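**Student:** Starting from the two chains in their separate frames, assemble the complex, guided by the hints.
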Amino acid sequence: MSAVTDLLQQAVEGLGSGAVYASLALALVLIHRFTGIINFAQGELAMLSTYVAWQLMASGMPFWLALPVTLAVSFAGGMLVERIVIRPVRGAPELTVVIVTVGLFIFVNALAGLIWSFTVKDFPQPFPDGGLDLAGVRVDWSTLGILGVVAVVMGLLYLLFQHTSAGLVMRAVACNPASARLSGIRVGRVLMLGWALAATVGALSGVLVAPVLFLEPNMMGGVLIYAFAAATLGGFDSPVGAVVGGLFVGVAETLTGAYVHVVGEDLKVGVPFVIILAVLLVRPQGLFGRAAVERV
Amino acid sequence: MSEPVTDVTEQNFLEVRGLHAGYGQARVLQGLDFSVARGEVCAVLGPNGAGKTTTLRALCGMIRGRGSVTLNGRELLGRSPEQAARLGVAHVPEGRGTFNDLTVEENLRIGAHLRTGSGWRGRARRAVVAADLERIYGYFPRLRQRSRQAAGSLSGGEQQMLAIGRALMPRPALLLLDEPSLGLAPLVTRELFEIVRAVNEEERTTVVVVEQNAQLALDIAHRAHVLEAGRLVLSGPAARIREDGQVAEVYLGVSVRSRKAG
Chain H
23 MSAVTDLLQQ AVEGLGSGAV YASLALALVL IHRFTGIINF AQGELAMLST YVAWQLMASG
83 MPFWLALPVT LAVSFAGGML VERIVIRPVR GAPELTVVIV TVGLFIFVNA LAGLIWSFTV
143 KDFPQPFPDG GLDLAGVRVD WSTLGILGVV AVVMGLLYLL FQHTSAGLVM RAVACNPASA
203 RLSGIRVGRV LMLGWALAAT VGALSGVLVA PVLFLEPNMM GGVLIYAFAA ATLGGFDSPV
263 GAVVGGLFVG VAETLTGAYV HVVGEDLKVG VPFVIILAVL LVRPQGLFGR AAVERV
Chain Y
282 MSEPVTDVTE QNFLEVRGLH AGYGQARVLQ GLDFSVARGE VCAVLGPNGA GKTTTLRALC
342 GMIRGRGSVT LNGRELLGRS PEQAARLGVA HVPEGRGTFN DLTVEENLRI GAHLRTGSGW
402 RGRARRAVVA ADLERIYGYF PRLRQRSRQA AGSLSGGEQQ MLAIGRALMP RPALLLLDEP
462 SLGLAPLVTR ELFEIVRAVN EEERTTVVVV EQNAQLALDI AHRAHVLEAG RLVLSGPAAR
522 IREDGQVAEV YLGVSVRSRK AG
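Chains as they are written, first to last, in this note's numbering: chain H, 23 to 318; chain Y, 282 to 543.
No lab work stands behind these hints, which were simulated from the structure alone. All values derive from a computational prediction rather than experimental measurement. It is possible that some hints are incorrect.
[Unchecked claim] Which bits of chain Y does chain H cover? Going by a derived footprint, with three or more residues having C-beta under 8 Å, they are:
id: 1; segment: 352 to 364
id: 2; segment: 376 to 385
[Stated by the list, open to error] Stretch-level coverage of chain H by chain Y, calculated; a stretch enters the list once three of its residues show a Cβ under 8 Å from a Cβ in chain Y:
id: 3; segment: 187 to 201
id: 4; segment: 205 to 214
From the three backbone atoms N, C-alpha and C, an ideal C-beta is built for every residue, glycine too.
Bound conformation, chain Y alone (with noise of 0.2 Å):
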């Protein structure tokens, strides 16, 4: 990524201050502050309705919102989605968006788009694509062996992988998943889980994910956000949150506790 602009710890990577955002008149965060470190995985937890998608759709451009949020030191807010990917943010939304009709390589190569503006062209510009796509199969090889298939014949778990992979292919500095789990299988959600944790030790590459599984986000992530009603109530370790059993079951339902008990 491009050098940052002002002055910025590497604890502050991304930071958001005072965010407000909703939909028309229904107000959905009302002055929401948390920082990411970069190579971190930082889980958004609460229950539905807390503010959780509406926070990362603020910070990737696809709704308005008032306040700051600095990636590397620039600002993201007032950027268009398109901006914003230039700038390094990968959003994968919840239901996934993967280009049906096109196939899972062409998927990829569009998550490649972005290449385009790095001055490569031609055969320079083909090898780092190959390379990317090379990167991505390595992570998730059932993407190689359907890469002539149209992507609406992928199942759902393999969807998901897609679109995480095209969202990876122009290694973006700060990936934001939108409830990754999403009707997927719990074996399937498990490997997704470890795929990303190995992209984040394996690339530094911070990472965001909003989940509803509580216990899944908490096993990868370092950091955690509790949010209820727009604001957040509760951060820390998350080692720490998935210890502390009151809340556990306040803010996060009973999955805590069950696996504890189990």
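In isolation and in its complexed conformation, chain H is listed as follows (with noise of 0.2 Å):
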């Protein structure tokens, strides 16, 4: 194998796990965008659904009835979260509701080891083995299968922000809720409406990666890093950053574990760490945000 394609071949790899990466910053951004918050219990929600897909699986359910109706429960769980826990503490100091989002954290993550337990379960791999030979370089069908549903996902938000009337009314609570309320928008729904979406799309990334690396309740914790890298990276109101910002950073991690020896496997989780110090001192708005302008 020359050493082209052996870079390649890396780069496909991490384009893989960067999709994961990227669906979950995805979430991180949508709710961020719309509220503000960076949700810490991002990764753990997704977690949640990732159960409940195998939990449908296990009795008897196949992968592709089971991940829709996952979906939806995530969709409803998305709802609920914001009107049970985060609608209380709206408008409190930034601090309180990090601090809410990191106490919803470390309960879901309790409450999946209840019902569940912490030992590791198998998740089916949705796609099938083998892949495509191009050019030397191989390309597992799981590559790229998780690549288009990060593509559909991307292209579906698009169409709902850009050319649907609800998509019109949620940029505009996005850009100035108050506004928002006195065109008569009720914009608590709208934000229940964010949160569901997230909660969508973070279920996602966890049936995605739960194949990988097997199902657990901490299964989340080092993607939710990556997906916090990415979002940095990206910018945190940017979705199409958010994608990009997790390709590079699935990419990079690769590359990082193959090619640097002194990094290797075991040092690469230091990557997103990198990463997010070096945009955060060079470019704070990451690659495609905008700089936060103030008025005082």
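**Tutor:** If you want it as structure tokens, here you go:
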């Protein structure tokens, strides 16, 4: 195998894991755009959704039926979380809200452990084995599948936000909630919808990553860190940035692990931290984000 | 709008009785009474801190108030801003409050949001919104030229036009304008006030305008109320208040006077 093919091979694998980071980052960005909240519990909610999918399949449902049911449950769950956990602290200082999402993180994690125990569970790979051979570079169907799912989600979100009146209303609320209320928009419902969408997109990331990582309550901990790096890199306000950031982080992680021998497999978890630190130092708003301008 | 719940005369289209409102411990309004007739332009004047903005905020549900405020016989107090908007109150806050990330036309479409509640669907709704857009572009031709531009890229005057245009999209029963002249060049402000006058004449929209620039507001108003320290100190036809030199001096500053001199 030539050096170039080897490099490309590593990059392709990086894209596969990057797509998973991208979908969780997308969920983080959705909520941040609507509410200004960084939801530390996003990964745990995704993990919970994955358990729902697992439970459905354990009771005999085929994967491709369990998936839409799981997404619907996650959608409803996202609405409930906004209404019950987040709404009461709306308008509270940022730190309060952060602590609430951290509390939600711990609660959901413990809840999953209580119901399903902390033993690792096998999660079926929805995509067929094997893959394509592109000039010596092997692309697994699962990698293609994950990339495809993320592309479809991006496309659907784009259509929703740019071409429907519900999307227009959501963008208006994200931009100026006070004026949205004065225009007769029920902002509470729109925020519920935002959390519901984020929970749904997050659920996808959980289901996509579970076959690789195996299902257990702490499964999403690492993914969340990578998603934070992706969202920071892309800009916490930009869905496109989240996806580009996710793919970049995935590739960077794989290449660093493979080629920088000081780092290697063991230390490559440090890559997202380096990325977060570098972005915050050089361009705090991220690649696609806008600098926050505060009127004083 | 929907039919009135109780009998109201045209004179008490908007009726404010014993309105108390404020922010936390700070009580700004201490029992305000006034009424606005249907189709009237009413100016609320007074020095800084008199409670003009607070009055508007209480009317549109942005802050809580005690007392009673009825629009066409329906109680407005105790409602959220979105509920007040559904009852026909369109509030253009100080500092404009446009959706800066959205284009001009998208801003106006948000204004048409309430049309969804009217039972129109699909093509019929699109036709209604298109007609409303035409109507607003008729008043504000400059917005038509900029329809694809982001609202954030507009000049201050254009943003104020957009904010008013958006408020007018659902054909509100009551238009509340908070300091529309704030930060705008005199020429732009004059143009804006002329458009408000035109809207009032053509659509019989009832308007309550809060202004520091008393002279401008009195030019388009039928009636004026002067506030001081949260209380109404003077009410009357705009023409009479404009002519009353003493009032001008005491409550409205020198602006009216210098106009007389000049």
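**Student:** With reference to the structure, classify each hint as holding or not holding.
**Tutor:** Comparing the hints with the structure gives:
1. Interface restraint, the segment 352 to 364 of chain Y with chain H: holds (3 residues with C-beta to C-beta distance below 8 Å; minimum three).
2. Closer than 8 Å: that is the beta-carbon criterion, and the segment 376 to 385 of chain Y has 6 residues meeting it against chain H, so the requirement of 3 holds.
3. Requiring three or more residues with a Cβ within less than 8 Å of a Cβ of chain Y, the coverage given for the segment 187 to 201 of chain H holds, as 10 such residues are present.
4. Using a Cβ-Cβ cut-off of 8 Å, 5 residues of the segment 205 to 214 of chain H lie near chain Y, which meets the minimum of three, so the contact claim holds.
When the structure is compared with the earlier hints, no violation turns up for any of them.
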